[in-house]
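*Asks:* Line by line, the protein sequences give chains R, F and Y.
Count the first sequence with my numbering and you get residues 1 to 627, in order.
Count the second sequence with my numbering and you get residues 628 to 1131, in order.
Count the third sequence with my numbering and you get residues 1132 to 1239, in order.
Honestly, the hints are just simulated from the structure, not real lab data.
Be a bit skeptical, because a hint or two may be false.
To be verified - Derived pair list, reagent style SDA-like, types lysine to any residue, alpha-carbon separation capped at 25 angstroms: (1) F/Lys998 with F/Gln1106; (2) R/Lys605 with Y/Ile1213; (3) F/Lys1099 with R/Trp68; (4) R/Lys446 with R/Ile529; (5) F/Lys1034 with R/Ile176; (6) F/Lys1066 with F/Glu780; (7) R/Lys596 with Y/Ala1227; (8) F/Lys918 with R/Ser586; (9) R/Lys163 with F/Lys1034.
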Amino acid sequence: MKDLLWLIVALPFAGALILTIFGKRSPRLVSAFIGVGSVSLAAIITILLGIGFMSHNPTGIPYHQLLWQWMDVDGLSLNIAFNLDSVSLTFIFVITFVGALIHLYSAQFMWKEEEGFARFFIFMNLFIGFMLILVLADNMLLLYLGWEGVGLCSYLLIGFWYKDPANGYAARKAFIVTRIGDFTMAIGLFILFTTYHTLNIKDILAAAPSTWAVGSGIALTTALLLLGGAIGKSAQLPLQTWLPDAMAGPSPVSALIHSATMVTAGVYLIARMHVLFELAPIAQHIIAIIGAITLLVAGMAALNQYDIKKVLAYSTISQIGYMFVALGVGAWSAAIFHFMIHAFFKSLLFLGAGAVILVMNDEHNMFKMGGLWKKLPVTFWTFLIAASSLTALPLLTAGFYSKDKILWLAYSSDKGSVWLWLAGLAGAFITALYTFRMVFITFFGKAKMEPTSRPGIFITIPLIILSILSFAGGFIELPGDMGHVTLLSDFIQKTMPAVMVQQSGYRIELIFQVIAAIVAIGGVWLAYIFYFNKQFDPAELKQNGLQRFFYKGWDFDLLYDKVFVTPMVFLARINKNDFIDQFYTSLASFTRLLHKGLSATQNGKLRWYATAIAIGAIVILTIIFYL
Amino acid sequence: MILVWLILLLIGCGFLAWLTGRWSDILPRVISLTGVFIQLIIIVSLLLEHKQGSQWIISYAHAWIPFFGIQIKVAADGLSLLMLLLTSFLGLLSILVSWKEINKKVGFFHFNLMFVLAGITGVFISLDLFLFYFSWEVMLIPMYFLISIWGNEKRTYAAYKFFLFTQASGLLMFLSILGLYFIHGHNTGTYTFDYEQLLGTKMSTQTAFILMLGFVIAFIVKLSTVPFHSWLPDAHTQAPTAGSVILAGLLLKTGAYGLIRFVLPLFPQASHQFAPIAMTLGVISILYGAKLAFAQTDLKRLIAYISVSHMGFILLGIYAFNEIAMQGVVMQMIAHGISTGALFIIAGALHERIHTRDMEQMGGLWTKVPKMGALALIFIMGSLGLPGLGNFIAEILILIGSFFADKALTIIATLGLIASTIYALRIMQKVFYGKEEKKWVIADLGFREMAIMLSLTIVIIWLGLFPNCILKVSKSPVQKIIESTNRVFDVQENVVSQRIIIKN
Amino acid sequence: MNIPVNQGILLAAILFCIGLVGLLVRRDIIFMLMSVEVMLNAAGLAFIVAGSAWGQADGQVMFIFILAMAAAEVSVGLALIIQMFMKFKSVDTNMASTMNEQKKISNT
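Please construct the entire structure, taking both the sequences and the accompanying hints into account.
*Replies:* Written out as structure tokens, the structure is:
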């Protein structure tokens, strides 16, 4: 069974290849079948492989499968090889399973696409393939391959509806901003290779503690450089500006790439290279601080959006901030736990929003919707479950267990602090507020527009499955005072170290949970007061200056535009004709000038020539006789 | 002997093509196609049966003008064979590309094409410096004709510019060759142009540096390094598609080959002195080329500046003096030839259909020509260094290798990753995505064009996933060159220890 | 009676200069031809003076040489002048300046 690991990666690529060759000519149903089927098959194999891994492998020894030698140059020896351990197994489960559900959803969602149906599935399949390579790679360069590959597919899918130039612009922005992160990561890779003479992850992690001292400058530099890459991919401050614009793509794309998988690649990277970060405590602390600041910034921005997908985009940025906080305090399994649960409820939210947008004639503005809870019951209830999970309503939602773990560990870990906890708590309040603001405005109140149809069966099935997971997914990891089930953290800790907790004791943890629960419910209640069944006239949606500032995402776009984009475009434009060329054309002009000058002596006049001869003769005779 | 036959075959096909061009348009094409195809087969068979261990896989020497010590000495090792493979492959594709595009003076066109290929082949296999210079000049004149007769609107200007730049710099190289000839003759008494005998000529460091500069300037101009690059955009833009493919894919690489084969082994100490300047020029080329590429509105001119940028990587890698970077340089020579050649073929195909290169008039073409769009996407991703394609392997090897040599410059060079994304995505957006600026009615790629593009695609993906097939072949020549260059510093402690670390 | 050599050569030089100036200043081709004659004769005078100074006949021989050459040159010159007159309809040398570069500056 384990030998089929390569098949999980190969199936989506095979699907993409078949669709590239035959997609245009085959009927839509066949394309959908191939596109959805490849990923579903990969998901089934993953589940079987996972069961085998967990049952036959109690200590969690990683399984390594070598496919072929990629390159071998003077010490740089890299293979195309996959490494399956508990962390990568968790990730590929989420990728393939949630991916398969999203593919099924997209088959119906994109059905009306005139010419891009097959193209959509090609890109989606490619994405799944690259993401799997990313998490299964056994060396940093193969990881980088997956890393860039998902960036490419994200670019292609954001700009999928290419006829509108704004989509193309959003896609380019995403690619370029993430590339800035990739640039820092590449330099980090160079430092790693020059120090360890290998890019094999296992070897680096094994050799790191004995090569670099804790807190040494070079460890800090490398960790920060890798962090740069993670920040770009995971849309954290200061490289978060691309994610809200990425909502220009179809909703399944936002669900798959921009909530569940690609944006969590940064989380994966940091978790995978945890040894390096542990060797650079300052870097790790910076991760937590960035996470904390991002979650607050994004939360405030989400609170002031009126496009339903933009709310969810900022929410994603915010939730990944939580994961970063967890990584920053060393709570590796908590971060991965939240990644998994977030994948479930966030993709569900995006799929639900997509369903709403689809039946509301492509309307994105929440304030133009309303009263949908009766008209779209399945969508509503699944959306509500997901929203509750996002808000981390106590006990009944998976989000409660995962987010609370992070909040608790943000305080109690030996690298945590009360400030991180307070930031997380404030973030939780804002999360509850904006989430239920979204729910109430979209689904309650007076109906301003009637849905044109009901979502189809292939849209609702994934919604239902994901809602079950958003509800029950948390039960595999119950906190200390509620049964202390540690299925997931045990599983993860076969690969990653456990978090060191400063003070434990179930009673203190209970207090934290109660506070968090009160905060969450308080946020929901505040949203209820302000937004439930209130009249909103979308035509006069006024925002005061502060609200506009938050709406624009704290105006990072303006800042980057003024500091980077405009000068660069200006410099490029004024030098379009390359001033260096002027040097060479001036040589040519000089020659032509000489030509003009000298050709004046050839004027065809006899007397001129005669004079010239006479003067020349005099000069030469003088020279001969007197010099 | 077979190496000489390769050149003679091409020359013979050229003459035959010219003759038959008088009464038929098809015959010259078929003849030249057959000739290059035969060359490709010969090279492939040489590659497959090559034996490791000896320096040269195949060699031949024959006296030419013994009075001056000039011989016809040709030899090929792994590096030369790879370059010859690239030559015949791209030559084949350029003939196929001009099948429908060139309609007047077809015979003379193919004559020139064959002669350019013959000259390039000569450059890659010459071991006699006079023969090398001879082939260097043979490359120029047919190329001048190619541009100035079958080119676009500003072809005369571009052809003159190309010719003057490369001719002038070539003369500097000839002066250096003569200098080397006389110094060696003065030292040992034998006056010879033989490369292997000229290796290790004793001369003072200043003389060596000046002589090296003569060579270097010729090769840098050919490689289109900033600030000697300004012939390239005009030449590439105004040349016909086949001309652009050969210019970008092969002619630029002759400059790189010259640096690797001649400058580094002949002047090791001077090269070490020159290295910081060269690496800086390389980095400037990468970034300045990218900036210029971003600003263009003429599609072919943009692709030409992409070449300037990528050649900067080559210069950076050559002067890093370690095996990883040099292997990256070899990869880059091949991968860049393939990917930029493909981009030029697409630009040419577009030009044939809509008769303009102005990107402001394109837009939204994906709907009309999806196959072209998809293929352009693949090669644009190659240009920006997407892993999985050959260019990534090349760039990452060069960057890792240069990181050993100079950390700061490599970091600046890595900014090229971001810069390349900006210009590459601009092509996609302006040409294939977005609103349609004008309603063009055009046909998608035909069978012949698809065959060309698919073969290029398969090669670039193969290079990206299985680079070892190339790296194996070039491994020992590259190692020998690096060793001979670094031997100078055997007495210096710190560099020796650095080499030990690398070997580990 | 002996005329000092210097004065003779000086006379020849003055004559030569008069001829030269006449050649340069005159526009009419026939006058230019006459000036050339003056120059030739000045040169001949110089030879005679030198010949008598050395007491040898070579100077006289050279003078006969120059006379013959001048005669030949004048006949050819007059024939060319007639051709020139037929083409340009004038004997003004400024008219006959079509072999110049100014009108033919070409751009590359």
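*Asks:* Confirm or reject each hint.
*Replies:* Structure-based check of each hint:
no. : hint                    : verdict
1   : F/Lys998 with F/Gln1106 : violated (42 angstroms)
2   : R/Lys605 with Y/Ile1213 : holds (18 angstroms)
3   : F/Lys1099 with R/Trp68  : holds (15 angstroms)
4   : R/Lys446 with R/Ile529  : holds (16 angstroms)
5   : F/Lys1034 with R/Ile176 : holds (24 angstroms)
6   : F/Lys1066 with F/Glu780 : holds (24 angstroms)
7   : R/Lys596 with Y/Ala1227 : holds (21 angstroms)
8   : F/Lys918 with R/Ser586  : holds (23 angstroms)
9   : R/Lys163 with F/Lys1034 : violated (43 angstroms)
Going down the numbered hints, you'll see the structure goes against 1, 9, while the others check out.
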